[in-house]
Amino acid sequence: MTELRNLKPSKFDRIFNGLAKRLTKIGISLAGSQILAVRGRKSGEWRTTPVNPLTLRGERYLVAPRGHTQWVRNMRAAGGGELRLGRRVEPFTAVEVEDGVKPEILRLYLKKWAWEVGRFFDDVDARSSDVRLLEIAPGFPVFRISAQG
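Using numbering that gives the first Met the number 0, read the sequence shown as starting at 0 and increasing by one per residue.
Careful, some of the hints might be misleading.
What the hints assert, rightly or not - Below 30 angstroms or equal to it, Euclidean Cα-Cα: the simulated BS3-like pairs (lysine-lysine) are: (1) Lys110 - Lys41; (2) Lys111 - Lys10; (3) Lys111 - Lys41.
Stated by the list, open to error - Computed beta-carbon distance windows for the label pairs: (4) Thr54 - Gly85: 28 to 36 angstroms; (5) Trp45 - Asp12: 30 to 38 angstroms; (6) Gly26 - Asp122: 35 to 43 angstroms; (7) Ile14 - Thr92: 27 to 35 angstroms; (8) Arg87 - Arg131: 31 to 39 angstroms; (9) Glu97 - Arg13: 14 to 22 angstroms; (10) Val88 - Val130: 22 to 30 angstroms.
Keep in mind the hints are simulated off the structure, nothing from the lab.
By construction, the Cβ of each residue, glycine as well, lies at the ideal position given by its N, Cα and C atoms.
All chains should be built: construct the whole structure from the sequences, respecting the hints.
Set out below in structure tokens:
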């Protein structure tokens, strides 16, 4: 079995994520960031992490720039979660996107948030070809999310 890409957060990442979580919890979003809450696949407890939701042609997406992380595994098991900003809580369902449709999503994600997550993409940026984005697609899970209710 091929090792799935999963970059662990650095000390800087943990500090930045902690700050982003605290700000988002009180209702201050950093460039559109929100808190993703998803139930743990083993514990059933809520797990949270800051994310950058993306809208493309009216569809909303969550991209995992560090790869097949714990929140990705939990999302696959739960099939959804919540996006939180301050007191606002938005429940959603999630469907994982096929690799073949990821290039356009990854390109827009990099255009908007390369300043924050570009280092996780190595030599790939928003100007990379579709072929190159398809090559890296398996290492970057993407979920299409839809509001519940």
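Structure-based check of each hint:
1. Lys110 - Lys41: Distance ~35 angstroms between Lys110 and Lys41 Cα, so the pair is violated.
2. Lys111 - Lys10: Answer holds: Lys111 to Lys10 is near 24 angstroms, not above 30 angstroms.
3. Lys111 - Lys41: 33 angstroms, violated
4. Thr54 - Gly85: 28 to 36 angstroms: Hint violated: Cβ distance 20 angstroms, outside 28 to 36 angstroms.
5. Trp45 - Asp12: 30 to 38 angstroms: 21 angstroms, violated
6. Gly26 - Asp122: 35 to 43 angstroms: 37 angstroms, holds
7. Ile14 - Thr92: 27 to 35 angstroms: The hinted range 27 to 35 angstroms holds for Ile14 and Thr92, with Cβ atoms some 32 angstroms apart.
8. Arg87 - Arg131: 31 to 39 angstroms: 37 angstroms, holds
9. Glu97 - Arg13: 14 to 22 angstroms: Distance hint for Glu97, Arg13 is violated at roughly 32 angstroms.
10. Val88 - Val130: 22 to 30 angstroms: 40 angstroms, violated
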